[in-house]
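Visitor: Respectively, the protein sequence lines represent chains A and B.
For the first sequence, this note's numbering gives the first residue as 1, with consecutive numbering after it.
For the second sequence, this note's numbering gives the first residue as 191, with consecutive numbering after it.
Some hints here could point you the wrong way.
A few chain B positions that, by computed beta-carbon distances, are all more than 12 Å from chain A [stated by the list, open to error]:
{"hint": "1", "residue": "Lys252"}
{"hint": "2", "residue": "Asn309"}
{"hint": "3", "residue": "Arg319"}
{"hint": "4", "residue": "Glu399"}
{"hint": "5", "residue": "Val408"}
Sample of chain B residues at the chain A side, in silico, Cβ under 10 Å [stated by the list, open to error]:
{"hint": "6", "residue": "Leu221"}
{"hint": "7", "residue": "Val259"}
{"hint": "8", "residue": "Tyr262"}
{"hint": "9", "residue": "Arg297"}
{"hint": "10", "residue": "Arg303"}
{"hint": "11", "residue": "Tyr304"}
{"hint": "12", "residue": "Ala308"}
{"hint": "13", "residue": "Arg314"}
{"hint": "14", "residue": "Arg324"}
{"hint": "15", "residue": "Glu395"}
{"hint": "16", "residue": "Glu396"}
Everything labelled a hint here was simulated from the structure, so no lab data went into it.
Glycine residues also receive a C-beta, built at the ideal position from the N, C-alpha and C atoms.
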Amino acid sequence: MEPTDIKKAIECIIFVSDQPVSVDKLQQVFTELEKGDMRKYLKELIQEWGALGRGIILEEVAGGYQFRTDPAYSEYITNFNKRVKKFRLSRAALEVLAIIAYKQPVTRVEVESIRGVDSSGVINALLERRILEIKGRKEVIGKPFLYGTTGEFLEVFGLKNLSDLPTLKEIDEISKNLDTGILSLPEELS
Amino acid sequence: MNENTHEADAFSPHEPCLVKTHLFEGPLDLLLHLIKKNEVDIYDIPIAVITEQYIEYLDLMKELDLQVVGEYLVIAAELSLIKSRMLLPKPVIEEDELDPRAELVRRLIEYQRYRDAANELIGREILGRDVFKRDFDMSVYVTEEEIELVPVDLWSLIETFRDFYRKRSHLWADQIVFEVESVTIEDKIAEVLGKLRVKAVIRFEEFLEECASKFDLVVTFLALLELARMENILVVQEAHGSPILISYSGEPNIGTY
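The task is simple: from the sequences and hints, build the whole structure.
Guide: Right, here's the structure in full:
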């Protein structure tokens with residue numbers, strides 16, 4: 001099979017999939033191809049689609065590849081298709097999601113201790129929407145559930161993988177400041 | 191005990207609206223707001239001022255008839271404690287003595303870090319808001335691809351039908367039929383195919399549940415059997431004992447019917 005044909009076949013598969021297509025999945029079809037070659041083709045495909053400058057973009061997301069629309073035209077899509085599932089997340093849900101995304105696997109109590117508010121309702125709703133999932137149980141008293149994010153989370157937020165998450169402000173620095181006495185008692189009080 | 195946002199309906203419409211936190215997500219959020227509003231250094235919070243404003247806000251919530259949830263009160267108590275500790279003269283000067291505010295500051299900063307991260311997340315190009323993928327019902331492919339579907343044998347199908355019939359038969363026990371029903375298997379086949387064109391996969395029992403009478407039930411079952419025989423539908427399940435699924439596999443083969 002010629003590389004151009006392989007690339008066309010790959011884009012056909014991505015086109016008909018409603019979920020990001022991973023290299024592993026593609027390899028089940030193109031068994032004779034090396035993973036490295038597959039990645040090379042995919043990279044080329046992304047570039048070629050990008051070079052076309054069309055409304056459709058081929059993107060690497062959630063551990064796979066997916067055709068998506070150019071964000072510049074979102075308005076037209078929502079106007080055209082009223083059926084489109086509108087994305088909605090409350091601030092509470094976003095906070096919970098952020099904590100779990102960065103700290104996973106994490107228990108509900110740990111999430112709540114950071115937010116300072118009960119978060120069970122929000123966690124359940126996010127579980128229902130399959131943005132979160134139960135990753136296991138923590139080996140402590142009561143064996144609470146450990147929560148983590150799903151592939152769908154990555155897909156929704158357009159992340160390649162978890163390490164694609166924007167880096168959090170370093171908390172170490174903060175703790176260091178606390179230790180070095182920036183917070184020590186004011187002179188007149190001590 | 192609860193938190194609520196104006197958008198909570200997107201999640202849990204049954205949550206009682208205790209606090210209108212479309213303003214604040216919780217006590218820490220409120221505190222961060224006060225710190226920002228007063229333009230004070232988070233590492234050097236003027237506890238007396240902030241505590242006063244914090245309590246004022248809680249009073250306002252009470253005035254507005256909003257129930258002040260426990261979490262707000264916990265932090266109020268904590269603030270008061272810190273305030274009193276800071277006022278107390280220290281009998282002994284200890285080098286390692288931490289600022290009474292330290293723990294609260296640590297919590298505030300940690301919370302702020304995730305709040306910022308949440309803002310960053312929502313600022314991304316969100317699928318379903320900014321970017322879209324192809325919108326079509328792939329459930330039939332997905333189930334075939336990701337879950338090994340096993341064909342349902344005739345006996346399981348009949349057993350399921352029988353169980354359903356037994357469970358429901360009392361409903362029709364004293365039903366009086368006023369007219370001769372004229373639904374034919376052909377009519378039913380068309381109806382079933384129509385439904386499957388709208389929704390690619392339908393549970394077997396869903397078809398049965400919709401039946402209004404015993405007669406209807408039997409006709410539906412026969413129609414499904416006929417469609418399966420003609421290979422217009424696939425009768426599958428994820429594993430033995432799991433719900434039987436009906437999916438559309440092609441246009442009716444007029445020739446054999």
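Visitor: The structure should be examined with respect to each hint, and the outcome stated for every one.
Guide: Hints, verified against the model:
1. Lys252: Given that every Cβ of chain A is farther than 12 Å from that of Lys252(B), nearest at about 18 Å, it holds.
2. Asn309: violated (8 Å)
3. Arg319: violated (4 Å)
4. Glu399: holds (23 Å)
5. Val408: holds (36 Å)
6. Leu221: At 9 Å from the nearest chain A Cβ, Leu221(B) passes the 10 Å test, so the hint holds.
7. Val259: holds (8 Å)
8. Tyr262: holds (9 Å)
9. Arg297: holds (7 Å)
10. Arg303: holds (5 Å)
11. Tyr304: Check passed: Cβ of Tyr304(B) comes within 5 Å of chain A, closer than 10 Å.
12. Ala308: It holds, given that the least Cβ distance between Ala308(B) and chain A is near 4 Å, below 10 Å.
13. Arg314: With Cβ-Cβ at 5 Å, under 10 Å, it holds.
14. Arg324: holds (6 Å)
15. Glu395: This hint is violated: Glu395(B) lies away from chain A, its Cβ roughly 23 Å from the closest one there, beyond 10 Å.
16. Glu396: violated (21 Å)
The structure shown violates the earlier hints numbered 2, 3, 15 and 16.
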